[in-house]
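Visitor: Here is what each chain is made of, one letter per residue.
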Amino acid sequence: MKAIESIPDSKLLLFKSCMVGQEYPGIETATSYVFDRLGVDYCVNDEQSCCTGIGHYTDVFEGLTTAAIAARNFAVAKKCGYPNITCLCSTCYAVNKDACELLNNNTEVREKVNSIFREKGLDDLVYEKGDMNPRTNIYHAVEVLLSKVSRIPDEKKFDFSGVKTASHHACHYYKVKYLDVVGNPENPQLIDTVAEACGASPVRWYEDRSLTCGMGFSQIHLNKNTSLQVTKAKLDSLQREGVELMLHMCPNCQIQYDRYQPVIEKEFGVEYDMVHMNIAQFVALSMGADPYKVCGFQTHSVPLEGFLEKMGII
Amino acid sequence: MIDGTTDRLNKAAVFICHCSGNISEHVDIDAVKKTLKAEGISVFDYEYLCSSQGQSLIKNKIMEGNLDRVVIGSCTPSKHGTLFKKCIQETGLNRAGLEIANLREQCAWVHPERTGATEKALSLLRAKLKRLENIEPLDEIKVDIAQQALVIGGGIAGITTALNLADNGISTFLVEKDSSIGGQMAKIGKIFSPDKLAEECAMCSLSPLMNEVAAHPKITLLTWTEVESLSGSAGNFTIRLKKKPRYVKDSCTACGRCSRVCPTLVEDEFNCGYMDKKAISLRFSQSVPKIYCIDPDYCLQLNGEACGKCADACKTGAIDFSQKEEIVELNVGAVVVATGFEEYDASQKPQYGYGIFENVLTQMELARVLGINGPTKGELLRISDFSKASAVPTPAACTSGRESSSAPSSDSSSDSSSDSSSDPSSALSPGAETPKRIVMIQCVGSRDEKEGGNRYCSRYCCMAALKHASLVKKKYPEMEITICYIDIRAFGFYENYYRAVQETGVNFVRGRPAEVVEKPDKSLVVRVEDTLSQKMRELPADLVVLSAAMTPSPGTRKIASVLNLSQDESGFIKERHSKLKPVDSSLDGIFVCGTAQSPKDVTDTIAQAGLAAIRARAFITDSPKMLDNEIAVINQVLCTRCGECLKCPFEALSLNESGRVVLDPLICTGCGYCTELCKDGAIQIAGFTKPQLKAEIEGVLEEGDVLGFVNSGISSLTCDNIGNSVLTYPSNVKLIKVPTCLVVDRDLVLHAFKHGASSVLFVEDPPDSPRAEIIYPLTTRHVEKLKEELGDSGNRIYFKKTYVPNTKGLAGTFIRLAREGEVIR
Chain A
1 MKAIESIPDS KLLLFKSCMV GQEYPGIETA TSYVFDRLGV DYCVNDEQSC CTGIGHYTDV
61 FEGLTTAAIA ARNFAVAKKC GYPNITCLCS TCYAVNKDAC ELLNNNTEVR EKVNSIFREK
121 GLDDLVYEKG DMNPRTNIYH AVEVLLSKVS RIPDEKKFDF SGVKTASHHA CHYYKVKYLD
181 VVGNPENPQL IDTVAEACGA SPVRWYEDRS LTCGMGFSQI HLNKNTSLQV TKAKLDSLQR
241 EGVELMLHMC PNCQIQYDRY QPVIEKEFGV EYDMVHMNIA QFVALSMGAD PYKVCGFQTH
301 SVPLEGFLEK MGII
Chain B
1001 MIDGTTDRLN KAAVFICHCS GNISEHVDID AVKKTLKAEG ISVFDYEYLC SSQGQSLIKN
1061 KIMEGNLDRV VIGSCTPSKH GTLFKKCIQE TGLNRAGLEI ANLREQCAWV HPERTGATEK
1121 ALSLLRAKLK RLENIEPLDE IKVDIAQQAL VIGGGIAGIT TALNLADNGI STFLVEKDSS
1181 IGGQMAKIGK IFSPDKLAEE CAMCSLSPLM NEVAAHPKIT LLTWTEVESL SGSAGNFTIR
1241 LKKKPRYVKD SCTACGRCSR VCPTLVEDEF NCGYMDKKAI SLRFSQSVPK IYCIDPDYCL
1301 QLNGEACGKC ADACKTGAID FSQKEEIVEL NVGAVVVATG FEEYDASQKP QYGYGIFENV
1361 LTQMELARVL GINGPTKGEL LRISDFSKAS AVPTPAACTS GRESSSAPSS DSSSDSSSDS
1421 SSDPSSALSP GAETPKRIVM IQCVGSRDEK EGGNRYCSRY CCMAALKHAS LVKKKYPEME
1481 ITICYIDIRA FGFYENYYRA VQETGVNFVR GRPAEVVEKP DKSLVVRVED TLSQKMRELP
1541 ADLVVLSAAM TPSPGTRKIA SVLNLSQDES GFIKERHSKL KPVDSSLDGI FVCGTAQSPK
1601 DVTDTIAQAG LAAIRARAFI TDSPKMLDNE IAVINQVLCT RCGECLKCPF EALSLNESGR
1661 VVLDPLICTG CGYCTELCKD GAIQIAGFTK PQLKAEIEGV LEEGDVLGFV NSGISSLTCD
1721 NIGNSVLTYP SNVKLIKVPT CLVVDRDLVL HAFKHGASSV LFVEDPPDSP RAEIIYPLTT
1781 RHVEKLKEEL GDSGNRIYFK KTYVPNTKGL AGTFIRLARE GEVIR
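Residue numbers (the working numbering), protein chains in the order written: chain A, 1 to 314; chain B, 1001 to 1825.
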């Protein structure tokens, strides 16, 4: 298990995510907003590239390419002096961790990747065994929020007392590397603890709490009906629990719930009362961030205006 | 050679054992004999020296030759050392006159090459002979053992141990933290047995034993008492006990009037937290001692409110609110820890809904519900219905808890000695229905590698689930029961029981359930993949029963830390050796049994408790005890009383009234730390004095040898195990056994280098026992210091921590150092 005290608050490379950037850019700006207020030392580096995750899991990129791109990104992180990769997306988190382990433990892969770098004159990208440690160099942004949770109440501008929230902990965080997570992977409390610091009342347990979002990368396109049924199962459960706000830590899950909730409502003839956002957007909101300029709620499919009005934010 | 040496050696003789070829096939014994005889030493050999004929040979030769020193070349001294020691002592020789050279595990078995093995055998025998030139007789140290025992924990393990000790004539104290003995077994209505298909009544087996404990003239029962501290050492322990006030005197007749008038309801720990107990109560009807006890946290009178109703109702004047806590001190020779288990906290697996959904319970709770002295008097009900229906004898008092009040019944079933558990009425609300479907989930917190789970199998839960399924089926044949399992472990004769339960129509689904879901009517659904049919299933249930793991009880954890006993990674008290010393704890004179040691069922617990009693009895009756005499000896002539040695980490050394340094032989472990502290050489470890070690070094070493100083504990065992594991290493690796590396000072290391050692290796025990936890850091510091002080030579000093299984690693180190020695040579 990962000790919360071991999460660093300096030299963090805020690892940009393709899904965050193109779907919910507010997650990145909200995370920066919150990090600034919590005294976290981080940087955003434009030389960094996508982790390939989406492409990898839809069989567009094979493992070697993914490992090579990860090695490149590790070099970027080390070169700028911010070697603690901090991901906004749980897929980036899992892919980087996996690639790092592969590069450290599989000499054949490492040498192949390095030979390509050398051939192309990119010697500065060459990865030496142990350059990065998958356990102590790669984090998720929510872990950083959790490590600073005691400071959130000091920065709080809005209190979300009584707001019934439910967390959806991402499978690529809790299930891929389940021995290296904060807390019990069968009973994740990461998002709930942070939400509680903002005054929210999280639902501790609900039916199908451990279900994935249903996206399954290619599954949403190849087996759309099954994919949406999984998503619907959880939405139904949350509707029964009277949840108003569902909190996420992975843009892929957020896409599945936020973009597809209206689709499910239409295709299955149901209606849901809940809205969605990333936990960083929620913390930023509680610290007084602008719902549109910082949190970027205009990019969401399930409108948040009703919720924001009820809270007296707009 | 100085004058007279030959003379002295004439009184020494060497005996070599063939060990039925184990030694003679690798060592040329004739050549060894010839060489030594040429040096004027008597040498004898025999097929088996450990046989009675072999021992007679040794004894006869000692008598005939008027020998005063004997070297035996045989297997490891840890195997037959005691035997040979006894053998030579029978001839009147002092034990210091015996040296054993390990020609088997550390020679014949590890050096396949005959010439090398023969040469090494010679050097080992020579070293021992040389060592004997400096013999100093070892005094016998005798200690009187306190002739009484303490058993901690009054469950079935503690009860069995106490009765076995007492029946063997040992005065025994039995300490129990609760107000009655009986432990977990008292909570279980029925128990399973390996030899029968019928379930037996637990209380029918237990209750007579409990009464026997109370009546036994050799047992002093101390209930409502906890262990505070332990001091002293093996054979003479001083135990401090805290005896909590019961507020009820022994004149209590257990008539129960007090409980009936008591206005305060409390949570009944015995009945899994149901609110069916009064602030003054018996733990259960068959409690021993049968004396009521007041819960000081809830009694109104003790919390400053004028009540005193119980005192008014008591006809014998037994209520005494002025009782105070007492501290009791006992002196005992041996201690048996039988502090038991607790059920795993199943709320750590929220997917199963324990603590969230009312109708999810554990096997232990189901045992209470099925028990005729349980909260429902044995009637199987949904917990959600029962909570609503449970009645309270005096409705006015109920302000909290799971139940709501309803009319008290006449309670005709309760006899004159009615107690808490029979107090609540059995009147149930009409809505209460017998559940129709039960699903049991096995391995909750057992065989679970996830965070918060335990990797081990808890051993009892498969049988507990089968037993409960069988009991329920007998009483409610229509009940649909499904057991979700990973593997059913009905080991040994239990297999018959498993088959019988299968035949009653209980369903078995192989799969670890993912989730339990609660429906609006409080019924449940268990989601599981049937891994045999590879189908997802949703099993409807009115009750879900979790077979929660057995984990060490808080009492077990506390006692382990109070007594400083080694625990395993899960917190169970660790036995010294699972086969050879299965009930010995890490400390001499302290034994362990039952579920404090590892998960087990009642049958296994009783068997183990019997062994613990025998081991404790053997320890106590072996009095006066001869102590290992390889401990510190102080030469008062050389001692300057500087006080440096008082830094002893075990506090074995102290100054007496006249200012002399004195040693407590019971506390000294013979580690040798003091010999390093003493600048005047006034302290030596008997049997390992500097002159003795110097002599052995000179005798054993040839130019270019690797010299290992080996801790006589685990390290020595590991060196022997290299031989047992058919591994080899070069014959120029020579090993000298020492109590710990701390006795090897700078002079000895320099002496080794002077006599040809290419490198010096220290092999130390890992910090895995309370003793080694103290010694290990001292040894690492000691070796670091030696390396620093000796400059260049310091680079030839090596240190290795070794574990018993690590034979390969240690042999590898030997080989590597021997190779480096070759290069230097």
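It is worth saying that the hints were derived from the structure and are not from the lab.
Bear in mind the structure is a predicted one, so any value in this text is a computation, not a measurement.
Where is the CB? At the ideal position from N, CA and C, for every residue including glycine.
Any given hint might turn out to be false.
Pairs of lysine-lysine residues, derived as BS3-like cross-links and limited to a Cα-Cα distance of at most 30 Å, are as follows [stated by the list, open to error]:
#, chain 1, residue 1, chain 2, residue 2
1, B, K1290, B, K1474
2, B, K1450, A, K177
3, A, K2, B, K1450
4, A, K224, B, K1690
5, B, K1600, B, K1647
6, B, K1249, B, K1309
7, A, K232, B, K1519
8, B, K1808, A, K129
9, B, K1600, B, K1690
10, B, K1808, A, K232
11, B, K1625, B, K1690
12, B, K1086, B, K1142
13, B, K1600, B, K1679
14, A, K232, A, K177
15, A, K266, B, K1519
16, B, K1535, A, K177
17, A, K175, B, K1177
18, B, K1177, B, K1086
19, A, K164, B, K1690
20, A, K232, A, K129
Beyond 10 Å from chain B on every Cβ pair, some chain A residues (computed) [said to hold, decoys possible]:
#, residue
21, S49
22, H56
23, R135
24, V176
25, G183
26, N184
27, P185
28, N187
29, R204
30, W205
31, E207
32, R209
33, G242
34, K293
Visitor: If a hint holds in the structure, say so; if it doesn't, say that too.
Guide: Here is what the structure says about each hint:
1. B:K1290 to B:K1474: Violated - the C-alpha atoms of K1474 of chain B and K1290 of chain B are around 33 Å apart, more than 30 Å.
2. B:K1450 to A:K177: holds, 12 Å
3. A:K2 to B:K1450: Measuring from Cα to Cα gives roughly 13 Å; hence the hint holds.
4. A:K224 to B:K1690: violated, 83 Å
5. B:K1600 to B:K1647: violated, 43 Å
6. B:K1249 to B:K1309: Distance ~16 Å between K1249 of chain B and K1309 of chain B Cα, so the pair holds.
7. A:K232 to B:K1519: holds, 18 Å
8. B:K1808 to A:K129: Holds, at about 28 Å.
9. B:K1600 to B:K1690: violated, 49 Å
10. B:K1808 to A:K232: violated, 57 Å
11. B:K1625 to B:K1690: The hint holds at about 28 Å.
12. B:K1086 to B:K1142: holds, 16 Å
13. B:K1600 to B:K1679: With Cα atoms ~53 Å apart, K1600 of chain B and K1679 of chain B exceed 30 Å; violated.
14. A:K232 to A:K177: Answer holds: K232 of chain A to K177 of chain A is near 26 Å, not above 30 Å.
15. A:K266 to B:K1519: holds, 27 Å
16. B:K1535 to A:K177: holds, 27 Å
17. A:K175 to B:K1177: violated, 43 Å
18. B:K1177 to B:K1086: violated, 45 Å
19. A:K164 to B:K1690: Violated. K164 of chain A to K1690 of chain B sits at ~76 Å, over the 30 Å cutoff.
20. A:K232 to A:K129: violated, 44 Å
21. S49: holds, 34 Å
22. H56: Given that every Cβ of chain B is farther than 10 Å from that of H56 of chain A, nearest at about 26 Å, it holds.
23. R135: It holds; R135 of chain A is separated from chain B by about 15 Å at its closest Cβ, greater than 10 Å.
24. V176: holds, 14 Å
25. G183: Violated, because the least Cβ-Cβ distance between G183 of chain A and chain B comes to about 7 Å, which does not exceed 10 Å.
26. N184: The assertion about N184 of chain A is violated, with a minimum of 5 Å to chain B.
27. P185: violated, 6 Å
28. N187: Non-interface label on N187 of chain A violated, nearest chain B Cβ at 5 Å vs cutoff 10 Å.
29. R204: Given that some Cβ of chain B is not farther than 10 Å from that of R204 of chain A, nearest at about 7 Å, it is violated.
30. W205: violated, 5 Å
31. E207: violated, 5 Å
32. R209: About 7 Å separates R209 of chain A from the closest Cβ of chain B, which leaves it inside 10 Å; violated.
33. G242: holds, 13 Å
34. K293: holds, 39 Å
The structure fails to meet hints 1, 4, 5, 9, 10, 13, 17, 18, 19, 20, 25, 26, 27, 28, 29, 30, 31 and 32 from the earlier list, while all remaining hints are met.
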